[in-house]
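Undergrad: Here the sequence shown stands for residues -24 to -1, 1 to 311, where the numbers follow mature numbering (1 follows the signal peptide of the UniProt record, and there is no 0).
None of these hints come from the bench; they were simulated from the model.
Backbone N, C-alpha and C fix where the C-beta goes; we use that ideal spot for every residue, glycine too.
Treat the hints loosely; a few may be bogus.
Claimed, not checked - Quick list of simulated restraints, FRET-style, between CB atoms:
id: 1; residue 1: Gly25; residue 2: Arg203; range: 24 to 30 Å
id: 2; residue 1: Thr165; residue 2: Ala193; range: 33 to 39 Å
id: 3; residue 1: Ser163; residue 2: Ala68; range: 22 to 28 Å
id: 4; residue 1: Arg209; residue 2: Asp182; range: 39 to 45 Å
id: 5; residue 1: Asp220; residue 2: Arg160; range: 37 to 43 Å
id: 6; residue 1: Lys156; residue 2: Leu215; range: 27 to 33 Å
id: 7; residue 1: Gly167; residue 2: Ala103; range: 39 to 45 Å
id: 8; residue 1: Pro181; residue 2: Val148; range: 17 to 23 Å
What the hints assert, rightly or not - Straight-line alpha carbon distances no greater than 20 Å define the calculated SDA-like cross-link-like pairs of lysine to any residue that follow:
id: 9; residue 1: Lys266; residue 2: Asp54
id: 10; residue 1: Lys66; residue 2: Gly114
id: 11; residue 1: Lys170; residue 2: Gly16
id: 12; residue 1: Lys66; residue 2: Thr300
id: 13; residue 1: Lys266; residue 2: Ala103
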Amino acid sequence: MSAYRIQRRLLAFTVALAVVSALAGCITVNAPLSSAGDPGLHETTISGGGADKILWLPVTGFIASHPQSSAFGLVHNDSALTQIERSLDKAADDDAIKAVILRIDSPGGTVAASDEIYHRITAFHQATGKPVIASLGGVAASGGYYIAMAADEVIAQPTTITGSIGVIIVNVNAAGLLDKLGLRDASVTSGVHKDLLSPLRPPRPDEQAIVDDVVDALFQRFVGVVRTSRGARLDRDQLATITDGRIFSATAAQRLGLVDAIAHRDEVVTRAERRIGASDARLVRYYRGKRAPDTLSAGAAAGTHGASASLVSQLAESTLTDATTPLYLWRGLAR
């Protein structure tokens, strides 16, 4: 065998081993060398000058309960869950905050984090009586739509993509690749199903039913949350279509009862003012660090750390280190 062919085989083996190790959870992608820390939440005014305040609270990128890593994992920020918890706690303690606008621009994330954020927003509303309005950005799908169900009103912008009601467990099987390389799985398990969904061996027929039960339970919870939140506004005759995982335009979502209205951000603020009986409420945002955001879309506030970078890094991390985690996620955005 020529030296060239030997080198190619060694390279193929190395790449395959790296992929398989990642899929099996044998490597850790998130290994930050330093942390941005938590200097605390500060408040800045975006517009208005009245005594009453409306909090603009962004939820952006991949929804997860673990810290968000920047490029190469050199710095990490609080998870979406932690950001929401701290922001809602601060808003609950501020009597001048009369309402919260939850600005969602996310394709979703993990089932657990999406559900926990939904729970925290619901608890905030019940404890304080302060109205919560969900303002859907460019993409508010799957887990992004799930957390919107905690709001009193859901408003899409004209170009919103939403829906994707469903569950996905991402799984890649590399058994065929291992076989070509002359490798085989030699894992030792305590039970026949302990290595369920292992990428290192061919799946067994009985395993599909086990996974289906888990996916169906999580799916039924999603559907139940939507039914409870949307109530009579939901087109029950179209429920099978609404919940088959497809995405919808803002117009279609309104027709089906998934959203209440279509409006731009300034109109959402006006609607929030009407709810609290104010005409010139101060629109405020929370932020960390020394530099305050001066616009609604600036990424310096708590809850935003760059939508695209966060989504790519978080999705890659979730796929590599936790490949079988159930997700409320529209994966189309990451393709």
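Undergrad: Hints first: check each against the structure and report whether it holds.
TA: Structure-based check of each hint:
no., hint, result
1, Gly25 - Arg203: 24 to 30 Å, "violated (41 Å)"
2, Thr165 - Ala193: 33 to 39 Å, "violated (24 Å)"
3, Ser163 - Ala68: 22 to 28 Å, "violated (48 Å)"
4, Arg209 - Asp182: 39 to 45 Å, "holds (41 Å)"
5, Asp220 - Arg160: 37 to 43 Å, "holds (38 Å)"
6, Lys156 - Leu215: 27 to 33 Å, "violated (45 Å)"
7, Gly167 - Ala103: 39 to 45 Å, "holds (43 Å)"
8, Pro181 - Val148: 17 to 23 Å, "holds (19 Å)"
9, Lys266 - Asp54, "holds (17 Å)"
10, Lys66 - Gly114, "violated (27 Å)"
11, Lys170 - Gly16, "violated (42 Å)"
12, Lys66 - Thr300, "violated (35 Å)"
13, Lys266 - Ala103, "violated (31 Å)"
This entry does not satisfy hints 1, 2, 3, 6, 10, 11, 12 and 13, going by the numbered hints stated previously.
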